[in-house]
Amino acid sequence: MRETRSTCPYCGVGCGVIIESQGNQITGVRGDPEHPANFGRLCTKGSTLHLTASAPVTRQTRLLYPMRREHRREAAQRVSWDSALDFASESFAQIIRDHGPDAVGFYISGQLLTEDYYVFNKLAKGLIGTNNVDTNSRLCMSSAVAGYKQTLGADAPPACYDDVNHAQCIFIVGSNTAYAHPILFRRIEDAKAKNPQLKIIFCDPRRTDTAEIADLYLPLQPGTDVSLFNGMLHIMLWEGWIKADYIAAHTSGFEALKATVRDYTPDLVAETCGIKKEDLFTAAKLFATSPATLSLYCQGLNQSSSGTAKNAALINLHLATAQIGKPGAGPFSLTGQPNAMGGREVGGLANLLSAHRDLANAEHRAEVAAHWGVPSVPEAPGKTAVEMFQAAADGEIKALWIACTNPAQSMPDQATVRRALERAEFVVVQEAFATTSSCDYADLLLPATTWGEKTGTVTNSERRISRVRPAVPAPGETRHDWSIAVAFAQRLEKLLGAQSPHPNPVPKGEGVMQETSNSSSPPLPLGEGRGEGARTGSLFPYSLSDEAAGVESIWNEHRESTRGRDLDITGMSYAMLEESPQQWPLREGQTTGKVRLYEDGVFPTADGKARFVNTVYKPVAEPRESRYPFSLTTGRLRDHWHGMSRTGTLGRLFGHVAEPAIQMNAQDMARRLLKEGDLVHVTSKRGSIVVPVQSSSEIGMSQAFMAMHWGEEYLSGRSSTGAPLAGVNALTTSAYCPTSKQPELKHAAVKILKAELPWSLLAMAWLPEGDALGAREQLKPLMAAFPFSSCVPFSNNAPLEQSSGERTGLLFRAAADEAPAAETLATIERILGLAGSDALRYADKKKGQHRTVRLVRKGDQAELAAFVLAGDTSAQAWIKTLLQDELPAQTYGRLLLLPGAKPPVTVQSRGKLVCTCLNVTDTAIADHLTAVSHGGGGAGYLGTDEERLASLQGALKCGTNCGSCVPELKRLVRSARSTQPPGSGPGGRTVIPIRQLA
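So in the numbering used here the end of the sequence shown lands on 981, straight run, no missing numbers.
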């Protein structure tokens, strides 16, 4: 067995992993105990990475060869790499000749490596001469970027993960950290356990599992964060809690902000935000008077039409109270993607240039042009994500190159996005997985390597650069993303010739990087460290035959562009990164990077002072009103990530949340006569979907929540006009922050009405490991045959260390006004293995009833292998459990065909999965806690919550592997108390009285 150190490809925590492999196959993964981001810990997603790289998953889901469509909607056909790249370069060259460089656009990804990003940025801005290169990081972090730049002068998070150990107050806002950044949340749990005096404030419209650790929870109304922060500053001013000496010495612009926040009285702010005035006062006091306050925030602030203002208003609080530049303090934006930071570093957004330079700055443009050896880089701003797809829908952009992202799932206002993909003359999708919705729109599909195969670097939320290393060879004909971009660029360079905006690039080594105003080191020749081919005259002299040399030469070129900048990494090298990850800045001559920024109170602005921003509260772009009375917000699930192209390959990761649903407050459901599991139409001004409804104690009145992951790959159907439904982002708005251009994915006004679809279908089947994901792809075209449909994998969730015993199945749901054609049901049965003579069947065509089941023999027992319920699906109440829990079924026989919710033989469900790693359900947890409450397990009724949790973990082992379920376990422990103590709130969650905190 071989072991390879690398980095997790999911969130921005940037956990180190050790990949185990044998030959060409990844066989295992564990956390790297030496990596400073995670010290060996992994979450549910990271700990199952090796399963997503198995041979069956690769064979069924990966894009392994270049594919071309002669005509849209036809099946793509395999072509050679030369043919594919020639086709791509000739098509782009022709469009550029006919319509100019701004007729093409590149939409790339925060999942790309820094080297991939660098080449794409240089390709667009240096060769083609367009700034139309943007990234899904625009949907994720651009408001954080703009907020840091407006206030602190540079896009540089000033804090680090270790600060949670030094903070006396942690202010979590707009982040379900327990789900979105679980390994960082483990650190917060540890810090709280070591320091019980640590106060944690949590602000969010939903009372998520992150609230379980909070001393104070503020359930603010969606979009009211600026009002909250300004209201806190108002109180700090009134109470004398600001640091006037720090403000005078290290900041500017405070007087204007002071005049503005005078109007944000506690009464007004409490009413606007929907919180108690006393809680507002407590939050302000804790934040301002704590010896060290650390803010952690994410998409709740960023994905907003006021995203930049929200970020700036929070940073205002840190500047006003001097909570920055010291251990345990500072505004810390948590990055959503594994390399959104690296993309920002190389200028991979339409308004940025390499090394945190601004496109609007003529001096910065000249520096980058000199570095690349071109006469100039384009001045006109490029199209950002929303603008790019709108321009393509309008016919302005003719060609789109999409790399490592799935805009047909993740972009807001899917109607416009799909119109753009259909209207564009030429669409290239460069992707590792062939199963994403965007692949359906591609004229050309280019197969890319992915985790376990790639080589390069990423930067995590705390400015730490880590190496990504290949553990196994690239499968099929896949290539690295940077390699694909370089091969395309070299061809395009020749085709454009004299028509290129930069027809005669300066040979590398003949230009000199212009010294920036804050440079302390002399510039080096631009060819330094570029390796062989540096004087070929090409803008892309990187070796494609020696991938290790090629990728390092790209990184060296990027490194040189940072000289003298705030993120200067000229002291780093690949050799240094091979030894350990490093934080920037790390300048030439230094041996370690800077852990925290601005400790000296000097900021990268013209006068060295941080700037207060005069932030004014503005409501959400689309307030709820009588026709659309609900505020829909979106967010992450614990065990999934983004569009689920990777996590969606594992049935075990659907154990915690099995199927798509929209969550509502129980009172709102009762008023609309909605029951658990009813299908509802959810409609915004842009589109509509049909989805089951669930009640949730996390959701406030007049609000609704739906996970961001549910695209048409898993949730679909057919509209009344016959158009396919596009998942949750059919509803979201493309309204964006005017500064950051980040869309308001966190809020849309919707109406929710019961869907009257009397005919329903539920089909489930265990399938061979090598067939299940392929069967899901076969079922996808059938999803549009019904007004509602969903299709997800499931698993028996064998404990992770016993994954060899894991089984995979598929669950398919649908609903319609009437029964479909018999051929449709026959196709579903064939795909799910129910077409043989060994299946038992019942059909009543007149009533639209149809049931099919198949039993298989296992030793002296029989178990249910597959079933279809059509028309009347009430039997799902017991037959679904019978199959999924692998219960004995030999006593049933033809009784399995009986309709109705009452089982012919008693069926006991195992319950809902809580611990994915060790297959522990809520029923087992409740049984143990009941025993403990009656004196069992040694804790007894008087045992503390901590003792009960320890007893639970000792007996059932839940939460002892990755720990992702620990917040939920704590909630279950609290809610299981047979008698609530004084001061406890709804659902058994303890609310600490304000008087104890003040």
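Heads up, a few of these hints could be off.
Estimated spans, in silico, between C-beta atoms of each pair [to be verified]:
1) Asp228 x Ser609: 35 to 41 Å
2) Arg824 x Asp661: 24 to 30 Å
3) Ala860 x Arg824: 19 to 25 Å
4) Asp246 x Arg406: 26 to 32 Å
5) Ser66 x Gly883: 34 to 40 Å
Restricting the straight-line Cα-Cα distance to at most 20 Å, the calculated cross-link-like pairs of lysine to aspartate or glutamate (DMTMM-like) are [as the list claims (entries may be wrong)]:
6) Lys737 x Glu806
7) Lys828 x Asp800
8) Lys841 x Asp855
9) Lys177 x Glu930
10) Lys477 x Glu222
11) Lys175 x Asp754
12) Lys737 x Glu608
13) Lys885 x Glu659
14) Lys828 x Asp855
15) Lys241 x Glu222
16) Lys477 x Asp81
17) Lys241 x Asp228
18) Lys763 x Asp821
19) Lys309 x Asp549
20) Lys763 x Glu57
21) Lys175 x Glu806
22) Lys668 x Glu582
23) Lys763 x Glu784
24) Lys895 x Asp855
25) Lys830 x Glu806
26) Lys577 x Glu562
27) Lys841 x Asp800
28) Lys763 x Glu752
29) Lys259 x Asp583
30) Lys477 x Asp928
31) Lys895 x Asp905
32) Lys226 x Glu806
33) Lys895 x Asp868
34) Lys829 x Glu869
Since the hints were made in silico from the structure, they are not lab data. Source: prediction; values computed, not measured. Yeah, the Cβ is synthetic: ideal placement off N, Cα and C, and Gly gets one too.
Restraint check for Lys763 with Glu784, where alpha carbons must lie at most 20 Å apart:
Not satisfied, since the Cα-Cα distance of roughly 32 Å exceeds 20 Å.
Q.
Hinted pair, alpha-carbon criterion (20 Å max): Lys895, Asp905. Please report holds or violated.
A. Answer holds: Lys895 to Asp905 is near 6 Å, not above 20 Å.
task = For the pair supplied as a hint, Lys175 and Glu806, confirm whether the alpha-carbon distance does not exceed 20 Å.
result = violated, 59 Å
Compare the distance between the alpha carbons of Lys829 and Glu869 with 20 Å, and conclude whether the hinted pair is satisfied. violated, 33 Å
Discussion item. Given the hinted pair Lys477 and Glu222, is their Cα-Cα distance within 20 Å?
Written reply: Distance ~68 Å between Lys477 and Glu222 Cα, so the pair is violated.
Straight-line Cα separation of Lys241 and Asp228 no greater than 20 Å? holds, 15 Å
inquiry  = Just to be careful, I want the Cα atoms of Lys477 and Asp928 compared with a cutoff of 20 Å; is the pair within it?
reply    = violated, 69 Å
Check: Going straight from one Cα to the other, do Lys828 and Asp800 come out at no more than 20 Å?
Finding: Measuring from Cα to Cα gives roughly 15 Å; hence the hint holds.
For this session: Assess, step by step, whether the Cα of Lys241 is no farther than 20 Å from the Cα of Glu222, and give holds or violated.
Result: holds, 14 Å
Query - Straight-line alpha-carbon gap Lys895 to Asp868, limit 20 Å - result: holds, 11 Å
When you check the alpha-carbon spacing of Lys841 and Asp800, does it fall within 20 Å?
violated, 39 Å
Has the given pair, Lys477 with Asp81, been kept, meaning a C-alpha gap of at most 20 Å? holds, 17 Å
Hints 1, 4, 5, 6, 8, 10, 11, 18, 21, 22, 23, 24, 27, 29, 30, 32 and 34 from the earlier list are contradicted by this structure; the remaining hints agree with it.
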